[in-house]
Amino acid sequence: MTRVLLIEDDPAVRRGVTLGLRRRGHETEAVGTGEDGLMSLAACPPDVVLLDLMLPGMSGLEVCRRIREISQVPIVILSARGDDVDVVVGLEFGADDYIVKPASDGVIEARLRAVMRRLAPSQPVAGTGDERTTHGDLEIDRVALRVRKRGAELALAPSELKLLLFLSAWPDQTFSRQQLLEQVWEHSYYGDSRLVDACVTRLRAKTEDDPRNPRYIQTVRGFGYRFGPL
Amino acid sequence: MNDRAFAPGPPRPRRRGVTLGLRRFFTPGLRTGLILGFVLVSALSALTTAALTFHQARTAILQRAQDNAVHDLRTQVGSLAPDLPAKPDETDLRTLTRHLDRAGGSRDWRTAAAHGDGPLVAAHGAPPELPAGLRTSASAATTALVQRFHQGGQPRLAVALPVAYADHPGRPSGLVVYAVFSLRSQQQDVDALVAAARAGALPVVLASVVPALLLARRVLRPVRRLRSAAERMAQGRLDARIEVSGHDELADLGRAFNTMAATLQADAVTLRSMEGKARRFAADVSHELRTPLAAMTAVTGILDGEAASGRLGAETSEVLALVADETRKLAHMVEDLMEISRFDAGAARLNLDDIDVGALVRKSLALRHWQDRVDVATPAELRARLDPRRIDVVLANLVGNALRHGGAPVRVLAVAAGQDLVITVSDDGPGLPPDLLAHVFDRFTKGDTSRTRSEGSGLGLAIAAENARLHGGTLTAANAPEGGAVFTLTLPRDPA
Numbered sequence: 000m001t002r003v004l005l006i007e008d009d010p011a012v013r014r015g016v017t018l019g020l021r022r023r024g025h026e027t028e029a030v031g032t033g034e035d036g037l038m039s040l041a042a043c044p045p046d047v048v049l050l051d052l053m054l055p056g057m058s059g060l061e062v063c064r065r066i067r068e069i070s071q072v073p074i075v076i077l078s079a080r081g082d083d084v085d086v087v088v089g090l091e092f093g094a095d096d097y098i099v100k101p102a103s104d105g106v107i108e109a110r111l112r113a114v115m116r117r118l119a120p121s122q123p124v125a126g127t128g129d130e131r132t133t134h135g136d137l138e139i140d141r142v143a144l145r146v147r148k149r150g151a152e153l154a155l156a157p158s159e160l161k162l163l164l165f166l167s168a169w170p171d172q173t174f175s176r177q178q179l180l181e182q183v184w185e186h187s188y189y190g191d192s193r194l195v196d197a198c199v200t201r202l203r204a205k206t207e208d209d210p211r212n213p214r215y216i217q218t219v220r221g222f223g224y225r226f227g228p229l
Numbered sequence: 000m001n002d003r004a005f006a007p008g009p010p011r012p013r014r015r016g017v018t019l020g021l022r023r024f025f026t027p028g029l030r031t032g033l034i035l036g037f038v039l040v041s042a043l044s045a046l047t048t049a050a051l052t053f054h055q056a057r058t059a060i061l062q063r064a065q066d067n068a069v070h071d072l073r074t075q076v077g078s079l080a081p082d083l084p085a086k087p088d089e090t091d092l093r094t095l096t097r098h099l100d101r102a103g104g105s106r107d108w109r110t111a112a113a114h115g116d117g118p119l120v121a122a123h124g125a126p127p128e129l130p131a132g133l134r135t136s137a138s139a140a141t142t143a144l145v146q147r148f149h150q151g152g153q154p155r156l157a158v159a160l161p162v163a164y165a166d167h168p169g170r171p172s173g174l175v176v177y178a179v180f181s182l183r184s185q186q187q188d189v190d191a192l193v194a195a196a197r198a199g200a201l202p203v204v205l206a207s208v209v210p211a212l213l214l215a216r217r218v219l220r221p222v223r224r225l226r227s228a229a230e231r232m233a234q235g236r237l238d239a240r241i242e243v244s245g246h247d248e249l250a251d252l253g254r255a256f257n258t259m260a261a262t263l264q265a266d267a268v269t270l271r272s273m274e275g276k277a278r279r280f281a282a283d284v285s286h287e288l289r290t291p292l293a294a295m296t297a298v299t300g301i302l303d304g305e306a307a308s309g310r311l312g313a314e315t316s317e318v319l320a321l322v323a324d325e326t327r328k329l330a331h332m333v334e335d336l337m338e339i340s341r342f343d344a345g346a347a348r349l350n351l352d353d354i355d356v357g358a359l360v361r362k363s364l365a366l367r368h369w370q371d372r373v374d375v376a377t378p379a380e381l382r383a384r385l386d387p388r389r390i391d392v393v394l395a396n397l398v399g400n401a402l403r404h405g406g407a408p409v410r411v412l413a414v415a416a417g418q419d420l421v422i423t424v425s426d427d428g429p430g431l432p433p434d435l436l437a438h439v440f441d442r443f444t445k446g447d448t449s450r451t452r453s454e455g456s457g458l459g460l461a462i463a464a465e466n467a468r469l470h471g472g473t474l475t476a477a478n479a480p481e482g483g484a485v486f487t488l489t490l491p492r493d494p495a
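First to last, the protein sequences are chains A and B.
Position 30 of the first sequence, counted from 1, bears residue number 29 in numbering that gives the first Met the number 0, the numbering being contiguous throughout.
Position 167 of the second sequence, counted from 1, bears residue number 166 in numbering that gives the first Met the number 0, the numbering being contiguous throughout.
In short, the hints are calculated from the structure, not lab data.
Among these hints, one or two may not hold up.
[Claimed, not checked] If you want the footprint, here are the derived chain A segments under chain B, 3+ residues with CB under 8 Å: (1) 15-23; (2) 184-191.
[To be verified] Listed next, the in silico EDC-like pairs over lysine to aspartate or glutamate satisfying Cα-Cα at most 16 Å (straight line): (3) B:K362 <-> A:E181; (4) B:K86 <-> B:D116; (5) A:K205 <-> A:E138; (6) B:K362 <-> A:E185; (7) A:K148 <-> A:D136; (8) A:K148 <-> A:D208.
Where a beta carbon is used, it is the ideal one built from N, C-alpha and C, also for glycine.
Please model the entire structure based on the sequences and the hints provided.
Written out as structure tokens, the structure is:
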């Protein structure tokens, strides 16, 4: 059972999504404003946040930014395509994925499950390989799912952690954006590559000494991304 | 057998081309026409003036020559004749003509005299030749007769002066004095006149070309302005106007043109704003529909589950399944409407990525479980820069249509052609009806009119075409010669 915090201003959508998820066995707390959402988050931390961007009062983007200040809970934006720019900003503010409205309960659940999985489906499972690896200043623990840089633990959002774990499991190997979308986000092949780019940007800001001249997550022009070589 | 009635007659001579050619030859441009007309008029007037002047001058020259000659002859004869006897003999006449010849001076005439029907007597030798009939008419005349004639190619003048009795001025004495002289100097004067007229007329005609050109320019400038404005309007620039000055007919035409252009422009603005409103309305409606649809779509899973649970009656289950299915279709339709609205509003954005085309095609098919029903041929390592989500939409639409309306096997073929990527989707179905071919990318065009509603929203191909255009590419539809529809998507491999 998953605890979902739904922040959505339209009562019908709020009720529909709540009913849909509840029928699938998820406990859903639904609130109508960002302020209520932040209060609820502090009072009883959920497993995942489903966040509408068009909110009265505090905007969805602001809510996203404030959640990331205090928590690394998975955030999925519930958006209407057309609010394209907002989606990109939301991703840059630390959201892990987005769902385009209208979406069926099945699609919503699948996306929530994907974002909550701590490891990518094809990633080496803990226990079969090196559980702790060191790459330059980075120390990656695949069992505890922790990343330290020069001893200090990094606060990584779920998608950031998953991307880093995936890329570092195959150092020096280049993955296209579409491959990363399939493996890390469990999107279909033709998914939105901006998810990858936004996540890489955030990850670099946290791991790299100079994000504009990255060592760990390197861009391979015309193909995609690669971990190292260091 | 009346086959012959339908047999084609002998081929008709192709006169049309020739007639057209001739007509074009004989109807020069307005400018040429104006100049030709002007020159013609000036040439005609110059010619007429010259001809009249020449004629007057020539008559005056000749008249004076013969008046002088008659006057001189009369004076000489008047001073010599009183010395003659009433019936002068040949010797008297010879003496008279000798005197007269001498008195001619610079005129250099040759004189002769005759009395009654007597022979013509000249001063020396044979008498000068006279024009035929002069003698006959002179014998009956009471006053001087003058006749021009040609002798040996020379113009000559013959004067016949009947001499009257001194005491009876009205009675002819029977003596007639003739004088013949050359008109060569007068002819030279006339020739000089002709030369002068010709020399004057030609420059006048040539000079008339200059005002003709100026006039043509003046007349044709507004025409040219009108033409260039009309051409600008034809290019869609409805703000084209003409600078109008003056109050002549051409200025009126220019004003009429400006009025027409202004009306057209106003109409176009109105139409455009109406179209914009209609499109905004469609966008607003879909936007408003989306929120309730989002609530409904979020519970379709529950409806599906209840309908399949077996706990409910058959009809209730059917109702639930119906509502769930139609909600999904409605959501799909609204999504397509929103997508078209974004293209109309220019809000559609490309998210380009470097893509392996073969992988994209195969994933696109696999996602919809079509991989076993479609033959795919793509070269290995064919990469292009494109928006994978949008190309997936295009492929899903084309292949979906081919599977639905066409016939197996459906083929997807991707090749690199220079700087372009060309993807064709073809089927072995009946192909597109000719009347549909031109409208296949229009909104809400449906392949099968017998059905009131098809699977799709009716916007699929319109969206596919817009997606191709957004990439700077094209999407075209055709029928293959061997049958079946062929859709060709051409995209630049690296859009700038």
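Going through the hints against the structure:
no., hint, in the structure
1, 15-23, "holds (count 6)"
2, 184-191, "holds (count 5)"
3, B:K362 <-> A:E181, "holds, 11 Å"
4, B:K86 <-> B:D116, "holds, 12 Å"
5, A:K205 <-> A:E138, "holds, 13 Å"
6, B:K362 <-> A:E185, "holds, 14 Å"
7, A:K148 <-> A:D136, "holds, 5 Å"
8, A:K148 <-> A:D208, "holds, 10 Å"
Hint violations for this structure: none, all hints satisfied.
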